[in-house]
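Asker: Spelled out from the first residue to the last, the chains are:
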Amino acid sequence: MTKFITNRRQFIKSSAAGAALVAAPAYLRSTAARASGVVNVWTYANFIPDDFKAEFEKDTGIEIRIRLVDDQGKQFNLLAAEAPNPTADIVTVAGHRFLQFISSDLLAPLDTDRLKNWGNINPIYSESDWATINGNKWGAPILSGAEILAYNTEVVSEDEVKSWDVLFSDKYSGQTAYTIQDMMSVVMLYKGYDGNMVAYMDDPEKAAEIVAEARDFLIEKKPLVRKYYDAGAEVQQMFINQDIVLAHAWNGPIAKLITDGFPVDMTIPKEGTYGFVYTLNVANNAPNADNAYALLDALLANPEVGAEMTKSSGFISTYKGADQYLSDIEKKASSFTEEELAGLQFFRAEANEMKYKLVDPAVEQIKAA
Amino acid sequence: MTFWGALMRNGVYQSVSTTLFKSQRRQFWILASVPLFWIFFANLGPILEMFWIGFLDSYPPKVGHEPQFTLANWAAFFQDRVFIIPFFRTLAFSFIFTAITLLITYPVAYFLAKHVSRKNQLLFLLLLLIPFWVGEIVRTYAIMILLGNNGAVNLALKSLGLIDRPIPFMYTGFSLGVGIIYLTALYMLLPLYSALEKLPDNYLEAAADLGAGAWTRFRRITLPLSREGIASGCTLVFLISTGYYATPVLLGGPRSTVFAETIAGFFHVAGDQWPMGAAFSSIMLIATLGVTGLFLKLMGRDGKGMMR
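Chain order of the listed sequences is L and B.
Number 246 in this note's numbering belongs to position 212 of the first sequence; there are no gaps in the numbering.
Number 16 in this note's numbering belongs to position 2 of the second sequence; there are no gaps in the numbering.
I should point out that these hints are in silico values taken from the structure, not numbers from a laboratory.
Bear in mind the structure is a predicted one, so any value in this text is a computation, not a measurement.
By construction, the Cβ of each residue, glycine as well, lies at the ideal position given by its N, Cα and C atoms.
Where hints are given, some of them may not hold.
[Claimed, not checked] Quick look at which bits of chain B chain L covers, simulated, 3 or more residues with Cβ under 8 angstroms:
# : stretch
1 : 65 to 77
2 : 88 to 97
3 : 155 to 164
4 : 179 to 186
Take the sequences, apply the hints, and build the full model.
Answerer: See below:
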């Protein structure tokens, strides 16, 4: 065996080659993402309507490359993994999750002066208190959703769903489903507390007591639930298969079932619920920021586009006048009565750090119980 | 002259190959470099990074906060029974599912190895492989279609007049077990088939001639000589079933939460507790490797174990 001889020059050459090899994926990734005629969008299925996409690409020559996401947490993970040089230009963040993305430096403040159609958004959404953080806007609101009570109309009557009580009744034991994380906030509201926990920011002990009460309630009711689910497609599947007849859900997936003709309806019970708004945001260090603004402005240009978004996703458009382009059944599937809307309040992010430090372990305790 | 012949006679090729393969040691390192790179960067790299993240107090990095070293994420597992319950439930499920998979696939492997002609064995194996051409999620949805309230099993029982109302198979330990066993059966079957196929028929014939009954032949000859296949199959199925995430999420119910779901919760939920998730993943990895090592020791792959 001969000695494996090396010298300083060889070592430097080898090190340089190794470093280049290791750095190559990041370089290739950023080069692939950066292209003059491209905008990379991470968003939920059906949020960007196909017809709009084709027309935008034809008019501007900018190709919209969509990467589908199905969960805010997964999107955060993807973006955090690619930071500080993401491949995404636009991401889709729910308003109450802004802080999480902003504190990790993943979003760029939105320059609304570059969006001449910004005024087409209903100010209830664009000028809402949650929309401004650290003096900046961080996203263009496009669709609004709510935590609702969904039910099979052939089994459950309209009178029974006036209260969240029905979800925990023995009558429908083994025929209900919910997402525990969201249900914790709803249960706090159901029990008369502030599920956003903003009211208890100065009283962490009280906050802990409330979370414990909500947790114990859901543990007590655990024998009645059929399934804790995570994704909208799961709850749709369970209703279609008749595995469940009642569920806490997001209005978008249920609206799709209604417009598809399934015997399902939804309501906001008298105790109230929480709403959220999906926004399109420009990623920090977006490789094609100019194209991102061009796309955002085009999306906001026409209320018909907002209506198309509602038709394809089931969520409610934030655009002024979008509802005039919806059919009666689409309007029914994407709207609530005045009485129901009176109980709707938006998720807020101010107390998120304290809230989720308490809620996350509680969720695990409910699952393990 | 062929291309390869021309290449061999090419001066540049000769000088490069002479330089590269000058010594055995250099040959060894050149040949080993690709697999070593793969093992260290693609396999061990992510696991080591996970270990490292498990010792940080926050990750991904937040603006204005430098991550600090901490043991709190590891300690949390032992301080709260909430986390220990799904951990042991996962190990218990995996153990039970592995045992059932072994019981189901052993006769199939034996039939295939000993009663199907050599010509048809390939065809049988191909048939068994067909479900594996589609992904885990698609096969899991197939189970959902089968076991749902409106699924094939309930509809068949209803049409036979055996039930009035659908049996709630889905979102229970039963549906989870069916799914996991379906997904992992081939990982058990192939090593078993491989071991049984090598078993000489004349051993069994000689035992029969000497008066050994079927049970004795199985216990004294077939089982010990298929030990390698059992050990490999059980190891594979156990390791795979402890790590399954999507299938328990889709098929499991409120009372069958597995540890992979607990870990995923730390990565997905609003609180962003990657370090806790990373520490728990490491604990799971260490535990499953420990259990597997113990199992292999008991099985005695060196010929000194319990199945002598």
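Asker: The structure should be examined with respect to each hint, and the outcome stated for every one.
Answerer: So, going through the hints one by one against the coordinates:
no., hint, result
1, 65 to 77, "holds (count 4)"
2, 88 to 97, "holds (count 4)"
3, 155 to 164, "holds (count 4)"
4, 179 to 186, "holds (count 4)"
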